[in-house]
Amino acid sequence: MITAAVLPFVAGAFGLALLFAVYRLVVGPAPVDRVLALDTMYVNAMALLIVVGIALGDAVYFEAALLIALFGFISTVAASRYLLRGSVVE
Amino acid sequence: MNELPLALDLLIASLLVAGAFFALVGAFGLAKLSDFMKRLHGPTKATTLGVGFSLLASIAWFTWSGHSTWRELLVTLFVFITAPVSAHLLVKAALHSGSQARPPQVPERPKSPERPEA
Chain P
24 MITAAVLPFV AGAFGLALLF AVYRLVVGPA PVDRVLALDT MYVNAMALLI
74 VVGIALGDAV YFEAALLIAL FGFISTVAAS RYLLRGSVVE
Chain S
6 MNELPLALDL LIASLLVAGA FFALVGAFGL AKLSDFMKRL HGPTKATTLG
56 VGFSLLASIA WFTWSGHSTW RELLVTLFVF ITAPVSAHLL VKAALHSGSQ
106 ARPPQVPERP KSPERPEA
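Same order as they appear, the protein sequences are chains P and S. Residues in the first sequence are numbered consecutively from 24, following the working numbering. Residues in the second sequence are numbered consecutively from 6, following the working numbering.
It is possible that part of the hints are untrue.
[Stated by the list, open to error] So the derived label-pair ranges between C-beta atoms look like this:
{"#": "1", "chain 1": "P", "residue 1": "R108", "chain 2": "S", "residue 2": "L15", "range": "42 to 52 Å"}
{"#": "2", "chain 1": "P", "residue 1": "V75", "chain 2": "S", "residue 2": "I86", "range": "19 to 29 Å"}
{"#": "3", "chain 1": "P", "residue 1": "V112", "chain 2": "S", "residue 2": "L78", "range": "25 to 35 Å"}
{"#": "4", "chain 1": "P", "residue 1": "I25", "chain 2": "S", "residue 2": "M42", "range": "36 to 46 Å"}
{"#": "5", "chain 1": "S", "residue 1": "H72", "chain 2": "P", "residue 2": "Y46", "range": "33 to 43 Å"}
{"#": "6", "chain 1": "S", "residue 1": "S102", "chain 2": "P", "residue 2": "I97", "range": "15 to 25 Å"}
{"#": "7", "chain 1": "P", "residue 1": "A87", "chain 2": "S", "residue 2": "K43", "range": "45 to 55 Å"}
Everything labelled a hint here was simulated from the structure, so no lab data went into it. Idealized CB from N, CA, C, for every residue including glycine.
Next up, chain P with everything else stripped away, as it sits in the complex (with noise of 0.2 Å):
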């Protein structure tokens, strides 16, 4: 099977991916730099879920992917508003 012998590289880049953004939040000189390692982390968090996923043949990985992709956004929009006005709600 081509699709088992190719998963574990696909794993091992979307985790490369993973520790480029985490150079980007550690070293990123703004803070709106860390944010958006954040988003590129979560976005690649959920590649690897789903990735998992296929790897292990069980559909309840979406529903982790899911709410990962939920939560990442609403993060990503509270942590900027607040880089934007100083305070997520008015």
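Got chain P; can you put chain S on it based on the hints?
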């Protein structure tokens, strides 16, 4: 579990590899590029495309294996709708704090004296 047909196997594997490639390129751009506005390109375009490819692969996989739902399509739609919105908000935040985002790049200039406009 019985064996995947070869064509579907190839399709899923190539979608996964394309997705991993785009996500890796996007994250590498995020780590490598010099300016925030340049860095924004990686995650907002390449990584979104990468996640879209892997979601397509998993739609194909779970449709074949029997328990197909609309959730995969929901995640894809959600990611493709929310990524531009969060990118727009981040750009607004970066423009708002633009004067604070500039200073880290200033020390880079003296390194390249052969630059024509410098």
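Right, here's what the structure says about each hint:
no. : hint                       : verdict
1   : P/R108 / S/L15: 42 to 52 Å : 50 Å, holds
2   : P/V75 / S/I86: 19 to 29 Å  : 24 Å, holds
3   : P/V112 / S/L78: 25 to 35 Å : 32 Å, holds
4   : P/I25 / S/M42: 36 to 46 Å  : 39 Å, holds
5   : S/H72 / P/Y46: 33 to 43 Å  : 37 Å, holds
6   : S/S102 / P/I97: 15 to 25 Å : 21 Å, holds
7   : P/A87 / S/K43: 45 to 55 Å  : 32 Å, violated
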